[in-house]
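Line order of the protein sequences matches chains A and B.
Once you know that position 34 of the first sequence is 34 in the UniProt record's numbering, the rest is easy, because the numbers rise by one and skip nothing.
Once you know that position 354 of the second sequence is 354 in the UniProt record's numbering, the rest is easy, because the numbers rise by one and skip nothing.
Please keep in mind that the hints were generated in silico from the structure rather than gathered at the bench.
Ideal Cβ positions, reconstructed from N, Cα and C, are used throughout, including at glycine.
One or more of the hints may lead you astray.
Rough simulated footprint, nothing fancy, chain B against chain A, three-plus residues with beta-carbon under 8 Å [claimed, not checked]:
# : segment
1 : 7-17
2 : 33-47
To list a few chain A residues with every Cβ distance to chain B over 12 Å, as calculated [said to hold, decoys possible]:
# : residue
3 : Met1
4 : Phe3
5 : Tyr137
6 : Glu231
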Amino acid sequence: MIFLGFADDVLNLRWRHKLLLPTMASLPLLMVYFTNFGNTVIVVPKPFRALLGLHLDMGILYYVYMGMLAVFCTNAINILAGINGIESGQALFISGSIIIFNLLELSGDYRDDHVFSLYFMIPFFFTTLGLFYHNWYPSSVFVGDTFCYFAGMTFAVVGILGHFSKTMLLFFIPQVVNFIYSLPQLFHIIPCPRHRLPRLNPDTGKLGMSYSKFKRKDLSKLGHLILKVAELLKLLEVRRDPKGEDEFIECNNMTLINLVLKLFGPIHERNLTVIMLIIQVMGSTMAFGIRYHLVRLFYDV
Amino acid sequence: MSGKMSPVPVLPLVINCFMSVLGCLATIKLIPAFKEHFISAKLYGMDLNKTSKKEVPESQGVISGTVFLIILFCFIPVPFLSCFVGDQCMGFPHDEFVQLIGALLAICCMIFLGFADDVLNLRWRHKLLLPTMASLPLLMVYFTNFGNTVIVVPKPFRALLGLHLDMGILYYVYMGMLAVFCTNAINILAGINGIESGQALFISGSIIIFNLLELSGDYRDDHVFSLYFMIPFFFTTLGLFYHNWYPSSVFVGDTFCYFAGMTFAVVGILGHFSKTMLLFFIPQVVNFIYSLPQLFHIIPCPRHRLPRLNPDTGKLGMSYSKFKRKDLSKLGHLILKVNVAELLKLLEVRRDPKGEDEFIECNNMTLINLVLKLFGPIHERNLTVIMLIIQVMGSTMAFGIRYHLVRLFYDV
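Work the whole structure out from these sequences, hints included.
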């Protein structure tokens with residue numbers, strides 16, 4: 001994955017490659033899983049047991065899930081980006097959370113799985129710390145897609161082979177929220193510009209929301225619906241320019257970073273990254289809460 | 001691993017061949033498809049032996065290497081299929097599995113580091129460091145799987161050393177050096193269209209023939225393992241060769257030399273036939289030895305040592321290294337004399353006799369230049385053909401040594 005990620009950075013491959021590459025890099029992982037465990041049976045969460053029974057053999061869908069996990073983790077980190085230090089920072093805090101989880105589980109039934117995960121998460125944490133040292137505001141280096149690929153795959157690997165992928169995804173709550181919020185733009189229902197990072201106001205030195213501007217008539221019905229709903233939920237700032245046919249609409253780019261700026265107003269870049277990392281920590285705390293308490297609603301522990 | 005008399009796994013080999021042929025076609029199609037990406041990334045070179053200044057994409061070894069990796073990733077479960085379908089194996093052969101994964105890891109690392117070298121233009125000392133680092137997984141797998149460091153002593157030395165000799169850590173040093181050697185040996189026999197991919201193609205073809213011959217022997221499993229890697233390597237390199245042959249529309253890059261060298265080292269080490277494999281490297285070894293004075297800078301070594309084009313005749317002639325007489329060490333003078341004067345006729349030296357500032361010119365000490373010295377100026381395509389014929393002759397000699405002269409050194 002590091003190799004393919006580096007090749008992507010050097011050769012500037014297209015978007016469809018960003019989905020293909022992690023899938024190909026996952027192949028050895030899937031093959032190892034196949035030859036080592038081959039277990040595709042899952043324990044059904046309590047609410048669904050009436051419907052599906054206690055165990056469900058996912059068959060090949062399990063492998064699809066594993067393959068998609070690497071694609072998801074990779075790209076989820078990649079799109080929560082744009083301000084100094086956020087890519088390496090989020091990965092640092094996610095791996096830190098996983099390490100804490102592994103340490104807690106060392107006294108449990110699946111010690112070996114968590115020791116295996118630690119063998120990877122500890123080097124990942126410390127090498128990323130070194131990268132974070134240079135990437136923190138003001139960035140003297142950028143991490144590149146290479147890092148997002150590397151991080152995403154490492155997380156997918158420990159989640160899959162450590163058999164705790166659902167818990168691992170709980171540590172991705174901010175990334176998942178950002179991903180869902182970004183969906184309309186990722187699918188181009190709302191037009192998506194090349195860069196969606198916040199915009200600097202040179203006078204104040206603070207970052208403000210960035211916007212996507214498009215013609216009213218170019219927007220599909222679904223797009224209009226999404227705009228209305230999001231505006232009502234106060235999740236989106238929409239500016240309309242009421243001048244007849246050629247009416248322009250502007251909405252803020254639908255990223256979690258922009259959403260934070262919408263709530264707090266313009267913020268200095270360093271403080272914005274700190275807020276995002278605090279959100280990451282809050283997400284991890286929530287994850288531990290769900291994993292160790294709310295879990296009783298879904299599984300027998 | 002050694003000495004097993006299991007039947008030849010025909011189905012996995014057939015599947016491997018089928019996937020490899022697809023890989024060849026994929027490589028042929030993918031190389032032109034990514035041409036623009038490489039040019040935009042400034043990964044291109046100028047063909048120094050052509051008059052046109054066309055930009056030629058470099059580092060295409062990364063494409064054939066990636067196709068190779070994908071083939072092998074998909075192939076991972078195939079040798080073990082009998083264990084899933086019908087429970088035909090006693091217990092899962094984890095040692096064979098680890099060997100396959102470890103070998104893939106080493107090759108994958110090497111392609112990555114090789115590509116990083118091409119992109120970042122790392123220094124010479126890195127060219128020695130990178131293969132060593134990429135070999136680490138290989139050495140670790142060897143350590144955990146076999147750990148055997150005892151060698152059979154060749155007959156002439158048995159009076160001195162006995163029948164067996166435990167090399168200990170030196171065995172690991174040898175294995176580490178093997179990758180470094182194979183990598184750089186291919187890298188320095190370069191400079192004319194098609195020679196890097198061509199020589200690798202013929203070496204892998206020779207290894208495949210050797211493996212097939214040995215399938216009826218005692219170490220079948222080792223040779224099947226080697227075939228699992230050599231067949232995809234042969235076919236993906238064939239795809240690369242298709243574009244790299246004269247006139248080259250692409251260059252293979254250091255990436256390819258690293259990739260090829262490591263793949264050969266892997267099969268040689270884990271297949272336990274590294275000495276035979278080195279026999280297939282005879283032209284590379286000759287080129288290496290001939291190059292030593294320049295590699296150690298005893299004779300000055302210019303940036304490029306490839307043959308020089310004569311624009312009028314369109315043929316390639318020898319290239320020269322020019323330096324001041326007084327800048328040459330005593331050892332350098334000795335080498336010049338031995339090569340020229342003592343009828344070895346391996347070097348053409350021109351002296352400019354004008355007192356203190358006397359200049360000396362000698363041809364760059366490469367096998368390609370040596371061929372040009374013997375045959376005179378040749379057209380580039382024909383020169384590559386001659387070099388590949390030399391490769392085939394070297395392989396023939398290797399088979400002769402391995403199956404006949406071997407009796408002088410070992411009991412067979």
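Hints versus structure:
no.: 1; hint: 7-17; result: holds (count 5)
no.: 2; hint: 33-47; result: holds (count 3)
no.: 3; hint: Met1; result: 10 Å, violated
no.: 4; hint: Phe3; result: 4 Å, violated
no.: 5; hint: Tyr137; result: 26 Å, holds
no.: 6; hint: Glu231; result: 40 Å, holds
When the structure is compared with the earlier hints, violations turn up for hints 3 and 4 and for no others.
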